[in-house]
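Residue numbers (the numbering used here), protein chains in the order written: chain W, 1 to 278; chain F, 1 to 295.
These are calculated hints, taken from the structure and not from any lab test. Accuracy of the hints is not assured; some may be wrong.
As the list claims (entries may be wrong) - Subject to a maximum C-alpha distance of 25 angstroms in a straight line, what follows is the list of computed PhoX-like cross-link-like pairs (lysine-lysine):
1) Lys192/F / Lys12/W
2) Lys101/F / Lys192/F
3) Lys12/W / Lys53/F
4) Lys105/F / Lys12/W
5) Lys269/W / Lys105/F
6) Lys53/F / Lys67/F
7) Lys269/W / Lys101/F
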Amino acid sequence: MKAAAISVNWRKALIIVVLLLGALAMTLPYYWMILSSLKPPEELYTYPPRFYVQHPTIKPYRELFMLLPMARSLFNSLFVASMVTVSNMLFGSMAGYAFAKLRFPGRDLIFLALISSMMIPWQVFLIPGFMIVKHLGWLDTFWALIIPNLAMPFGIFLCRQYIMSIPDGLIEAARLDGYNELGIYWRVILPLLRPALATLAIFTFLSQWNSFVWPLIVTQSSQMRTVPLIIAVLNGQFGANFAMVMAGAFVVMLPMLIVFLLFQRQFIKGVFLTSIRE
Amino acid sequence: MKRRAESTAIVYVFVAPAVILFTIFTFLPLFASLYLSFTEYNVIHPPQWVGLKNFTELLFHDPRFWKALRNTLCYVVGVVPIGIATALLLAAALEELARGKQLFKVLYFIPTVTSVVAIAAVWKWLFAGEKYGLINYALIQLGLQPIDWLLSPRWILPAIMIMSIWAGLGYNMVFFSAGISTIPQALYEAAKVDGANWWGRFWHVTVPMLRPTLVFVVVMAVISSFQIFDQVYIMTSGTGEGIGGVLDSGLTLVSYLYEQGFVQFHMGYASAIAYLIFGCVFGLTLVNIRMLRSQ
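Just chain W, same shape as in the assembly (with noise of 0.2 angstroms):
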């Protein structure tokens, strides 16, 4: 029994050890990221590497937002960001509701090729993608970045899902109360749709702010760059500079990161409602 005893203790104790470590693993490239963003030159190249900063410099943070227009792709990020989720959460849920409780020719069918089209990669729509903003004159603009990404199939079948599971009932007495579509849509639908459209707002805003490959192939002048493209210029041209290349990486980062912390629990409950999306 007391042999027992102590060997679930040593085993609990393993097992705390072996969490430990893991989040070790899981922080010590942030923190050393951040503490290189601190670290003068002098310091930066040491061996051995130092774990702690002497006479920390903000010069890196500087250097980033005078050497590059960072303040410009900020804004970029946030205004492309902000642009594709509020109209993701519209057009998500409009279509949704249709998806979900109105009957129309071809209902189910669209609704299929919308969430078939979820399962190709993407990079088959990659470059007739690009023909098509190219031919419409919107490379290197706003419209590029924002125009093909309003209403992604993952919107409009996360916010279906979701209407189906509000009762038939509740519509119908809406109708009788003499609403239209449109009213019940938004009097109905949308105030008990909160939950999904959180979530939905969520991730649409860390995909598009986290976004690489589209920004990379439609942009091309320094002021329309979106925040990671910056890291990508900065690795390229400041590579040798690591101090200015991690408070880079740490300025894209830390959006995101509050982000997450504020709404820990909505981001590791989304995780299950997004996967399909792949």
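Model the placement of chain F on the given structure of chain W, informed by the hints.
Structure of chain F alone, referenced to chain W:
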């Protein structure tokens, strides 16, 4: 009667934005890129029909395509099993904790919300050459030789794999820990009565009970790692060797597509690569599901 007409009209208002955008940016491109894959197209001149030439060229005369395919498969075979096994063990350990689960989940999950580009930039610095990089410093401390991770053809792919395993841990873990928490406690009690130790219970209770979750996570991981691009783009750039890194040792299928399409402007050729990737992903998904089901 009037009501019905009005409600039909409103339906189109509801679905129109989604359907129009879907048609232009998804439905048409799907067929446009199929058409382009049978053409030669350099953006300046209109596409020229060449039949199957792009595909025969790729499959029979293009060693770089095969190199990219081999690298991609190596990457998938390296990252998926190790990443998933680690995530599963960590999740099983985590579910034993009485308190602090959420804290660990949050810590492990941070890379999932971090831009892949930022992650790659940070790891590039960790992997940096000679002895300044933290990882080489650790190797030296362990009495090993430092490795030129980013410039040596042998090590660039393992470096990218290590980074990807790290970055994917938290994401996979969340699925497993949710799955484990639904396993009835009684099964563990029964296994204990039968004298199973922790490992025995993990192997004979947790793993079999998690089969559906496991199938799902493996399929997803295979699909997404087959399409790896962002990390490679950052890790190999700055080597002065183009997008594949030294001797194309870091060239993956999607980075080859990007290079052909958007650096060389061989759009027809790139479309053929896209369709081959599509075919591979489709095939891999079917094989995966069948293999994991039959066991």
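Taking the hints in turn, this is what the structure says about them:
With a CA separation close to 16 angstroms, the supplied pair Lys192/F and Lys12/W stays within the 25 angstroms bound. Proposed proximity of Lys101/F and Lys192/F is supported: the alpha carbons are some 23 angstroms apart, at most 25 angstroms. This hinted pair does not check out: Lys12/W and Lys53/F have alpha carbons roughly 62 angstroms apart, beyond 25 angstroms. Between the alpha carbons of Lys105/F and Lys12/W the distance comes to roughly 18 angstroms, so the proposed pair stays at or under 25 angstroms and holds.
A C-alpha spacing of about 11 angstroms is found between Lys269/W and Lys105/F, which places the hinted pair at or below 25 angstroms, so the restraint holds. Restraint check: the Cα-Cα separation between Lys53/F and Lys67/F comes to about 20 angstroms, which is no more than 25 angstroms; the hinted pair holds. Simply put, Lys269/W and Lys101/F have alpha-carbon atoms about 14 angstroms apart, close enough for the 25 angstroms limit, and the pair holds.
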